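**Student:** Going down the list, the sequences are from chains A and B.
The opening residue of the first sequence carries number 1 in our numbering; numbering runs sequentially from there.
The opening residue of the second sequence carries number 162 in our numbering; numbering runs sequentially from there.
Among the hints, a few may not be true.
[Said to hold, decoys possible] Incomplete in silico selection of chain B near chain A, CB under 7 Å:
id : residue
1  : M307
2  : A317
3  : D323
In short, the hints are calculated from the structure, not lab data.
Computed from a prediction, not measured in an experiment: that's the story for all the values here.
By construction, the Cβ of each residue, glycine as well, lies at the ideal position given by its N, Cα and C atoms.
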Amino acid sequence: MIKTETVVGLGDMRVSADPEEEIICYGLGSCVGVALFDRTTGIAALAHVVLPDSSDRAVTKPGRFADTAVPDMLRQMKELGADLNRTTARLVGGAQLAGVASGRPAFSIGPENVEATKTALTRAGVRIQASDTGGGDGRTVHFRIGSGELEIHSKDKHTLL
Amino acid sequence: MQLSELQNELGSWVRLAERGMIEAIGGLAGLLGIEFTMRQGQSRVMPIDEVPNLFGGPQAEVTAVYLTIIGEAEGHIILIYEPQVAFKLVDIAMGEPHGTTTDLGEMGESVLGEIGNVMGAHFLRTLSDDAGLDVQVSPPVVVTDMVGSVLDGALADLMIQDDHAVIVDMGFGTPTEDVSGRFIVLPNQEIINQLKRASGQ
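For reference, chain A alone in the conformation it holds in the complex (with noise of 0.2 Å):
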């Protein structure tokens, strides 16, 4: 039974043991959703994220660049007790507008989140357990704690991860 949903726009994150709680990223294009879970502790994170580095910015919101946001939801999953070594993500979005070929950096910026949040994935012992990425249509994420499921809507297709 889902009590509350909580939605992650642009760059946010959030990590929560709530079971009767649903996650939801909406219109992920170039985005990517990193979605981590703990299934015996049933803790959950979701990261909407933009960008695939933080470039020693000075960062407000980890969630929006892949390179901070994995390591920060460790973090958070960990203060909430999860246990890291048994902790799997799944990622979800970085679609690429169709039919473009220009090279224009806001058309490389899905491929490349993918990359980058897979990268720091490995560096972190964390195992992709299932991804849907790619292509060229958006996707909205629900992810639901109590059950782990995620549910994947696109244009044409209903999915779970």
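Model the placement of chain B on the given structure of chain A, informed by the hints.
**Tutor:** Just chain B now, with coordinates in the frame of chain A:
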């Protein structure tokens, strides 16, 4: 650039952008042979992560025509329509009765892209003529999807430079509001820097 500096620069940029938008909407009217009216432009500096809320929230479905401004100054032009309105616009452009287009398909996307091209070219001519900027527009991309996913490539591009975006937003439509859309321009920081240089500041 700090937020306060951006706000100081906003005035000259907005005046220029609005002149360009008026030219662009005039170009659309000329292309389709019908009258369009326009709303007073809304312009602001705002946190980038709040921009999707201006267009119904990140989950609202829209049809968008996306062009990038490239050359001496860079930025993003986005024309946003409700999907049903985009169908009407295609019908008008093709001289078909209302209700003929029920799915954009390749032809509909091509028509909307061409409309975007014409509007983009008129807009950039104003930037070129009035501010001496050597700029071009990329080929248009037409996409029907959630606002969040349509915008986030452009917003990510802007977020590389700053946490805030300058956004100029002008509504346009037929006098009966049968067809209406939003003309959005998101300039990169460099456009504002170029304008400063051009005006000798």
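**Student:** Against each hint, give a clear statement of whether it holds in the structure.
**Tutor:** Against the structure, the hints:
| no. | hint | in the structure |
| --- | --- | --- |
| 1 | M307 | holds (4 Å) |
| 2 | A317 | holds (5 Å) |
| 3 | D323 | violated (10 Å) |
In summary, the structure is inconsistent with hint 3 from the numbered list given earlier, while agreeing with all the others.
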